[in-house]
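In order, the protein sequence lines correspond to chains A and B.
Note that the numbering used here has the first sequence beginning at 1, numbered continuously upward.
Note that the numbering used here has the second sequence beginning at 1001, numbered continuously upward.
Honestly, the hints are just simulated from the structure, not real lab data.
Among the hints, erroneous ones may be present.
As the list claims (entries may be wrong) - With the Cβ distance kept under 10 Å, some of the chain B side facing chain A (calculated, not the full set): (1) Phe-1015; (2) Val-1016; (3) Leu-1022; (4) Ala-1049; (5) Lys-1070; (6) Leu-1081.
These figures come from a predicted structure and were not determined experimentally.
The beta carbon of each residue, even a glycine, is placed where N, CA and C say it ideally should be.
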Amino acid sequence: MRGSAAVLRPEPQYASLDQQGDVAQVGMWVFLVNETIFFGALIFTYFLYRTFYSHDFDIAAKDAVLWCGSVNFALLVTSSLTMVLAINAAAQGRRRAMIWLLVATVALGCLFLGVKGFEYYLDYQDKVVPVVNYQAKPGEGPAGELFWFFYWVATGLHAIHLTIGIGLVLYMLLWRIRRGEITPAYFAPLEVVGIYWSFVDTVWLFLYPCIYLVGRS
Amino acid sequence: MTMETDPRRARALPFVLWWLILLALFGASIVVAFLSLGRLAPIIQFGIAAIQTAVLFILFMRLKGPPSLKWVFAVSGFFWLLFLFGLSMTDYSNRQGWPLTHYAKRL
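Isolated chain A (complex conformation) (with noise of 0.2 Å):
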């Protein structure tokens, strides 16, 4: 798949574009196997300590910012609006709709970081960085730290997998769209991107509710 649109061919082992693209997004849901696990053993391990050390858990997610985790919870789901919109976009041959929409991904994911960091900001100044600087609230047991713990392995492993997909996307505007390799044709690259960003917003569904709504009644 290299030069224009004019040139477009699958490669050597699959019959047609169609083919090449079908291959590619199985490829992807291969990939997102993988995935669930990694972050099924992450939430396995929080369920778990959260059945054991209910009354810590409760006070120590007290401190987590809630109103970060809603608006960043709204910028990923509107952002797989932006990206499935795209994705049509791409394959009904409305090119300039297709950019606009990446570039509204982009723009959302990187909102989505920005109030992450932020959040994280806002974090080290309530002194919730276990090692760091944490210091446990009244009532609370040395369990509330392991809390601590998972927030931020599981909100620092999903923002790298937001950065890649950032990424991945900015491949697709600066490299793979301005060089006319995406087309009604064949557009499969983008919906595999599509695919992986979509994921990553439901990584968020579910490390939402074990972050920011336990302990709030």
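Given chain A, put chain B in place with the hints provided.
For chain B alone, coordinates are given in the frame of chain A:
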């Protein structure tokens, strides 16, 4: 509700409507957190997250539509998660001295 997910023919409006439904579910999840539902609250919240995930997987990530082989891997991922959770729980639920003794007094 039938919805065209093939990107060559898909319209924007159904996706926007599903996006609004996702945000409404998100709002419901927050409301549940502030009601005194005890242990029921996280069950409802993770139930909502599961519904939202299903919407994203099937419509936004286009599990609906060809190639059907995608379903094999999506479903296998779900079962691997069940194995992970199930087998790990059989371990922890049968461990001696778990949870740690000083916490066990509270349970």
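Which numbered conditions among the earlier hints are violated in the structure presented, ordered from lowest to highest? Violated hints: none; all satisfied.
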